[in-house]
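Since chain A is already given, all that's left is putting chain B on it; use the hints.
There are 2 protein chains.
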Amino acid sequence: MKKRSLSQISPNSIMKDVNPDLDIERQNPSFDVERLTNILDGGAEKTQIRRTVETWIQNDPELSRENQYFQSQNERYEEGIRKSLYLAKKMDEMGWVEGGPHRDYCSRSLSSDLAFNVHQVFVKSILGLGTDEQIAKWVPLAQKFYIAGTYAQTELGHGTYLRGLETTATFDVATQEFILNTPTLSAMKWWPGDLGRTATHAVVFAQLYLNGKSYGMHPFLMQIRSLRDHSPLPGVTVGDIGPKMNFENVDNGFLVLKNVRVPRENMLARFSQVLPDGQCKKQGTDKINYLTMIVVRVAMIQREVVIILMKACTIAIRYSAVRRQSELKPGDPEAKILDYQTQQQKLLPQLATAYAFHFVSSYLQEVFDKAYTDTKEGKFDQLPELHALASGIKVIATEYSSSGVEVCRKACGGHGYSLLSGLPSLYTRLVASCTYEGENTVLLLQTARFLIKCFGMAKDGHPIPSSVAYLSSKNFGKCQAWKKGDFLNPDVYIDAYQQRAFRMLQNAAIKLQSLVQLGVAQHEAWNSCSVQLAWAAMAHIHYIVVEQFAKALQRYEREADVHRILKHLCDLFALHGMYLNTGDFMQDGYLSTEQVAMVTESYLDLLPVIRRDAVPLVDVFDFTDTSLNSALGSYDGRVYERLYEWAKKSPTNNQDKRVFETYLKPLFKNALSKL
Amino acid sequence: MKKRSLSQISPNSIMKDVNPDLDIERQNPSFDVERLTNILDGGAEKTQIRRTVETWIQNDPELSRENQYFQSQNERYEEGIRKSLYLAKKMDEMGWVEGGPHRDYCSRSLSSDLAFNVHQVFVKSILGLGTDEQIAKWVPLAQKFYIAGTYAQTELGHGTYLRGLETTATFDVATQEFILNTPTLSAMKWWPGDLGRTATHAVVFAQLYLNGKSYGMHPFLMQIRSLRDHSPLPGVTVGDIGPKMNFENVDNGFLVLKNVRVPRENMLARFSQVLPDGQCKKQGTDKINYLTMIVVRVAMIQREVVIILMKACTIAIRYSAVRRQSELKPGDPEAKILDYQTQQQKLLPQLATAYAFHFVSSYLQEVFDKAYTDTKEGKFDQLPELHALASGIKVIATEYSSSGVEVCRKACGGHGYSLLSGLPSLYTRLVASCTYEGENTVLLLQTARFLIKCFGMAKDGHPIPSSVAYLSSKNFGKCQAWKKGDFLNPDVYIDAYQQRAFRMLQNAAIKLQSLVQLGVAQHEAWNSCSVQLAWAAMAHIHYIVVEQFAKALQRYEREADVHRILKHLCDLFALHGMYLNTGDFMQDGYLSTEQVAMVTESYLDLLPVIRRDAVPLVDVFDFTDTSLNSALGSYDGRVYERLYEWAKKSPTNNQDKRVFETYLKPLFKNALSKL
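Same order as they appear, the protein sequences are chains A and B. When you read off a place in the first sequence, starting at 1, and then add 118, the result is the number in the numbering used here. When you read off a place in the second sequence, starting at 1, and then add 118, the result is the number in the numbering used here.
Here chain A stands alone, though its shape is the one from the complex (with noise of 0.2 Å):
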C-alpha cells in the first residue's frame, strides 16, 4: 500500500474510501455474507427493520454519539434522559409500537447512551407484582413519563441473599400505612438504578411486619421526590452513589427512609395481601413470576452481552487487518498483525465464541418459550431445568465475553488502551454483567445443585430432564479419535465435552458424598466442594454450548458455503475450549497425550482457515459506525485519519495557558538566558 502522505489528509473529514488493506479482505468471502447476516439477525425482513431502525440513528444528530468519550458522568446523564424522552417521542410519531421489532431495535442499538432502564423494571415489576387496579392506576403514568420509577431492592449490606435485606415496612392499623424504615447504615438501598437523580417512584422491597410478627420480603410502591420540585419528600435521604467504571448514563443512587408512610393499598398485592385488620392474605402463585427474574438474564444475554463481543471482535479484527507490523518474511514490507498466529489466536476464538453465544442464546429462548407456555398451564416441571441452564449460560456467556473482549482490546496494543478505540468502554461496560443479574459464582453454584439432584436421580434409575440426559445414558471409555481430523467430527468433540462434564461432576460429587459419610455437616462438606462444583457446572454449560452450536449448523446443511464457515467457527470453539482445558479430558486417559496433540494441531491449523474469512465474519454483524464508536474498528478502515481527527476534538486540546502561566512559565523563564 502507498503510503498516504499528510498533506493527501482533509483536517476535517474523513475520507470515505476504503483503506486498500481492508478492502480486499472482502474480495473474496468464502460464503454470501448477507445470507449469514439474515441468518443471524432471524430473516431477511428483520435484517431489513434492523437496517431502517439504525440508519435513522446514524442520521439524526440528536442521538448522535460523537464527543461521547469527552463526556463528564454528569454530561452523560443529562445526555442519556435528553434521548431517552426524544426516543420514546420519536417512536410514538413513527408508529413503532410497544413489543414490536422497531422499538426493540432502538433500544438495543442505543441502551448505552439510555437513561430510564430501571424505570422499564419499575414498569414490569408493578406488571407482575401488582393487582389489576394497580396496574391501571400506575403503569400508564410511568409509560407516559409523567412519574419515573425505580426498582430499590439491593442494600448497602446486602446483595444476591434476599433474606438478609433489612428495610422494615410496619403496618399502622390505625392509620391503614406501613411505615418505612432504613433501620441500620447497611439497610439503605444502594446500587438501584435511575434512583439518584431522576426516579419521583419507587418500588421498594421490605421486611413486613404485622402485629410485630415478620412477614418476608413485599414490594411497596412509594414516592419520594415531589413532582412540583423535585425535593425529596419527608423522611426520604435520596442521592447519587457516585462514579463508577462505566453506565455514566445511569444515575445508580442510594435512599434512606426514615418513618415514611405509605398507604396500604401501595403494597403490590397479586400475590399477598395485607387486609384492613391486619392479616396477611396469600393469593394465586408466583411461579410465573419466578420466570420474569430469568426472562431478563435470557435477553441480556443476546442484548448486552454477545453483542458487545461482536462489537469488540469487529474492531480488533478490521484494525488487524490494517495495523502492519515487523517483517514477517525477511525484506518483505511490514506483515499486517492478523497474518500473525498468536494474534489469530487471540481474535479468531473470540469470533467464534460469539457466533457459539448467538446459537445458544437462541437455543436458550426456545427453551424459555417453552417452559413459559407450560407455566402458563399450571405446568411446572421445566422451570428447575430452565434456571439451571439460565443461571449457567448468564455465566458462561458473561465471563467468556468479558475476557473476550479484554483480549481483543490488548491484541490492539497501545491504540486498544484509547478510550476513542472505544474498546474500553465495551469492556468496563461488559465486565459489569458478571455480576449484575445474579453473581455469577452464586449463579454457577446454583446450576450445580440441580446437576448434582440430577446425578443422584441418574444414578437411582430415575428419569432426568434433556439437558442432563448424558448423565445417565453414557458410558465413557477413551476418545475415539486416530488422527487429528477426527478431532473435526462433532460427534468426537461433543463427547468429548459430555465425558469431561461427566467427570467433573462426578469428582465433586463423590467428594461430597465422603465427606457427609464421615460425619461432616451437609453445610460445611458443600462448602468444601464449591470450587470443584462450581467448575462442574461450568463444564456441563461448556458442553451446552458446544452440542447447541453444532446442531444449530444442521438447519444449513443444504447452504454449503454457510454451512462450510459455521462449521469452521463451531470446531474452532469446540478445539479452542478442549486446548484451555486439556487436563479435564486426560483424566482417567480419556484423551491421551498424543490426542492432545492432534486437538492442537486440529485448532491451529483451523487458525489460518477462518482467519481467510476473518473480516467477512465480522460485517457479517453488520454494525454502522455510529453503533462502534471506534477510530479502530470503522468499516472504511481508515484507522490512523480518524485516532488524529478525533484527538484533536478532545478537551484536552481546547484548555487556556493556566497551567503553564501558573507552573511552568516561572520555571521556564530560567532557561532562556542560558539556550
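No wet-lab data here; the hints were simulated from the structure. Everything numeric in this text was worked out from a predicted model, so none of it was measured. Every clue listed holds true.
Intra- or inter-copy, both count: the list cannot distinguish identical chains.
Mimicking DSS-like on lysine-lysine, the simulated pairs with C-alpha atoms at most 27 Å apart in a straight line are:
| no. | residue 1 | residue 2 |
| --- | --- | --- |
| 1 | 775 | 792 |
| 2 | 405 | 488 |
| 3 | 376 | 331 |
| 4 | 207 | 775 |
Positioned in the frame of chain A, the structure of chain B alone reads:
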C-alpha cells in the same frame, strides 16, 4: 456484630475505631507481622524510612488524593503538574538526595498522581546517549525543570518494531543542520508522555539520511515549544491524544514535524556522530546502553506491578472479612464472604502471587546487578540470559497481576465496580503494563528464541546458562509423589515445573525442526509454532518464579513462624499453577489422574490454612489509607460508612436542577392532577 444505626454515624467524619469483624482477624496472627514487613522492605531501617515518607505524604494537604475519583482528565493533569513540582521543591528542602531511599519512596508512593515521568526518561536518554558536552548542557536544565522534555520514539503506525519508524532526519551540509520530517500520517509521533501539553523539548528518534543514504535510527534533541509562551515552534504540530483507560495525569501526545531544522550538535552523539562533511562516525559500544531498556523492566515489576497487586489484595481481603452474605450454616448470622471456599480460591492465590512476584523481582534485580557489573568490565555473555529473564518475568508479572487485580475487583461484587473502591483504577492502570515497555507476546517470543537456542546447545552438549540448566541436566520420569502431602515438598513441585517447561519447549522445538525439514521457510515455520513457543516461554518463566520463591524461603529457615507462612504461600502459588494447567503436567503420564486429584486436594486444603492469616498477610504490605484511597480497603474496615460519606461528595450530587427543569418537570406536571 451489633449493627451501627444511622444516628450513630456522624455525617462529616469517619469513625476511627476498627470494625470488630476486621479487628478479630488481627488478634492471633501465626507470625510476626512487623518482621515480615521488614523482610519485604529489605530491613527494619528501610521500613522506618518508608514510614517517614508515607506519613509525611499522608499528612501534607498539598498531596491529598481526596476527590481524585471525581476529577476530569484536565483536572488530573493539572494536579499532576502541581504535585510534581511541589514534590520536587519539598524533597530539595528536606535534603532527600537524588537516588536516595526517601526520594525513591516518594515517587513510588505518588507515581500515579505525578506528571513528568517521561521527562525523567528524557533526562536518562541524554545521560545514556549524549556526549559529555551534551549532558553538561541539557541535563541540569531539565533536572531543575527549566525545560520540560519528552522521549518521542513510538509512531502512530509503529510500535515495537523500531526499524519500521518513518520519521526522517536529513543532514544539510550547507547549513550544518538536520531537517526533520514526518513524511506520512502513520509517521507522526504518538503516545509519548509529557508531550501533549507540557514538553518544550524532545528526544526524537528518526531515520538518519546522509547524502541520500539511510543510516538507521538516531536520537535528535530538539525544541518543540516556545519557552516564553509555550506555542509550538514553526513546523511543529503538537497536541494531546485524548482520553485513555487511565493515566489521566499524563499528557500523552502527538507530534508532527515539517522541515524542522536541528543543529548538528543536537544529535545525541555518544555512539555515533555526524561530522561536518556529512560522514557518520560510529564510536564505542552501545551494549551498556542496551541495559537501560532492561533496567526499566526490572524496576517496573516491583514499583508499578507488584505493588498494585498488593493493593488490590489488601482491599479485597479486608472487605471480604467485613462483608457478610448468606447463611453458611443454616440459622447462623450471615457469614463473612472470606469464609466461602469459592471466595478464598479467588483471593488467596492472588495474595500468594503478590508474594511470589516480590521475591522473583528481588532475584531479577540481583541478576541484573551482576550483569551490570560484568558489562562495565567488558563481559557481555550474561546479557542474553538477563534479557530473556527480564522479558519473561515482565510478561508473567504483568499478565498475572492484572488478571489478579480484576479477580480481586470482581470478588468485591457490585461495590468493586464503584470507582470509590479504588479497584477499577488499579486494574485500568496496571493492565497498560501488558502493552508498554515491550508488548507481552513480542517479549515472550524473544524469551522463546533464547530458549530454543539453549535447547539446541544442550542437545549438542554445550554449556548453557544456569536459569535453563534443567534443559540439559534432567532426565524426567514420572512424578514421585504418592500422597497429597508430597505435593507440599518444593523438590516435588519444582521438578514438576521443570518437566512441564522442558516438555512444552520440546513440543515446540520438534515441530519447528520438522517443519523446516519439510522445506517450510524458517520464518514461516517460526510463525506456525509461535503459539506453542510463547506458551513454552510462559512455562519456563512460571518455573523460574516457583523456584525463586522456594529458594527465597530458605533464608528464613531459622524464623519458624515467618518461614511457615511463606512456605504456605509458596506452596499455594505452585499448586494453584498446577491446578490450572493440569494438562501440561499430565503429558506422557508425568502426573497421573490420581496425582492430579492429590494436587487439587493439597491446593484446596491450603486455602483455609492461609485464610486464617489472610488479613495479617495484607497488613504486612503496610499501605497507608491515603495510598490505598479505597472506601472498601481502609485499615479500620469501616466500609459502609466510607462508601456513604464519599458518595455524598460526588459532583453528581451537587448539580443544579437543570435536568429536572428542562426535561422532567414538563412531563411530571401531567401527573399532578392524577395522584
